[in-house]
Structure formats: C-alpha cells, structure tokens
Amino acid sequence: MNLKVSTRQVDGVSIVDCSGRITLGEGSVVLRDTVKDLLGKGQKKILLNLGDVNYIDSSGIGELVSAYTTAKNQGGELKLLKLTKKVHDLLQITKLYTVFDVKDDETAAVKAFR
Amino acid sequence: MAGDRFSYNLDSTLETVDRAEQTASRIASENGFDEDEVMQIAMAVREAAVNAVLHGNAYDPEKKIELKFERTTRDLVITIRDQGRGMDLARIPDPLAPENLLKTSGRGIFLIRSFMDDVEIHPSSTGTEIKLIKHVHGMAEGGKEASQ
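Chains as they are written, first to last, in this note's numbering: chain A, 1 to 114; chain B, 1 to 148.
DSBU-like, lysine-lysine: derived pairs with alpha carbons at most 35 angstroms apart:
hint	chain 1	residue 1	chain 2	residue 2
1	B	103	A	36
2	B	63	A	86
3	A	72	B	103
4	B	64	A	4
5	A	85	B	68
6	B	131	A	86
7	A	95	B	68
8	A	41	A	95
9	B	131	B	103
10	B	103	A	85
11	B	103	A	95
12	A	4	B	103
13	B	103	A	41
14	B	131	A	95
15	B	68	A	86
16	A	86	B	64
17	B	103	B	64
18	B	103	A	103
19	B	131	B	68
20	B	103	A	44
21	A	111	B	103
22	A	103	A	44
23	A	86	B	103
24	A	4	B	63
25	A	85	B	131
If you are wondering where the hints come from, they were derived from the structure by calculation, not from laboratory data.
Please model the complete structure; the sequences and the hints are all you need to start from.
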C-alpha cells in the first residue's frame, strides 16, 4: 500500500498521520511534499505519526532525514511518533534512532515541542 | 526445492523494484524462512534492485535487469545484474560515520549487508552483479524441516 497522509493540528503542532509504505517513488514524494507544504505555511512544529507505517526502505529513511534537516534549517522542529518494530529496528541499525526525537505518546510528544 | 532456479529479465523501472521485492518475498516464504527473514531478504533484494535500476542502468529503457533465484542445499542465492558502467566500490560511503549520518542517501548497500549472510559485489565495465546469500536454517534438502 502506498503512503497515505492526513494532517491535523493539536496545540500548535502539526501531526501528520502516515499509513502504508515510505519507499522510493510515490511514498517518498508524498512525505516530502507534505512537510514542505507545512513549512511553507509557517507550521514549523511537525510530529510524524508513523504508527501505521509498516515498511520503509533506504529512500524512505532518506526522506525522514531530509524532512528532519529541512525543518531544522528553517527554524522548525520535527519529531517522530509511534514507530513500528520494523521502522524502529531500521533506525537503530542506521544509528538514526538517536538523531531523531522519538516519542510513543502523542500528548507527551505535543508537549515536548518548545 | 534445492537445485531450483528462477530467472527474470526486467525493465529498468520502478515497477521492476516492486516486482523484485514481491518475488523475493514469495520465494523466501516458500523456502521456509521466518517472517523477519522474509522481510530482510525482500528488503535486500529491493535495495539491490533500486541500485540496479537507478544507479546502474539509470532508467535506460534499452538496458535490462537480470534477477536470478537459486536454492542450493544450504542457501538461497539471489543474483541481480545490471548493464551499467559498474559500481565504484571505493565511493560507497560508510553511512554510520558521523559526517554521513544526516545524508539522505547511501544506505542501500549497508542495509543489504546487514540483512544477508553474505554479499558479493562484482562491478565491471559492462555492469554490476550483486550476489545475496541467505543461509537456510534448520531445513533439509527438499524444503522440509530437518528432524531433531
């Protein structure tokens, strides 16, 4: 299943609910465009909910990194919420788990934004 | 299914990447690998197919990707060959190096090596061949579980 995203606002944080696969091609483009669109609108607190992302490849990992650095470079902040085991393991072996701010609880994640 | 071989000649497209992954997943399942191993094999094949389509053949419609599966007594061996200029192994960065951690690409070969038991990369001026090997655990010839 290709990536589907929907965005909602909670206490000034844009929560992007993602489901499906973040892979080379459409999945990566959808994520990139969504983050770019939010930053373009000045919405710089972004929480990517990956709870329903069951698969991610190296291109998808690259998109997460790109989203993180793009937000940071524009004075924003991007965090990850609810990793599935597969995504968690991938971020561990690529040493990115410590780069991203990863949260399990949405309320705590929203509060963690400055 | 020891001795079985399957071979596919595929276009240099993103559809090939998906097809390679799905075929690998099916064949790995049929050979008794567990769910995690099936995911690892399928992902390694996907990453190798991405390299072949994007970096090897550069989406050239005149160039093909060869994908082969072979079950030996001990291993599942998957070979992916492109018709590009040949991968420059010296230019593959270490994605775990601190200066590379935030790069947006360069993790494919690393993931392949992480997920497979053995990986052989043979670049040449007529293309790159990558051989992915996964040992079959607790299986006897014929694909049935070995008795204890």
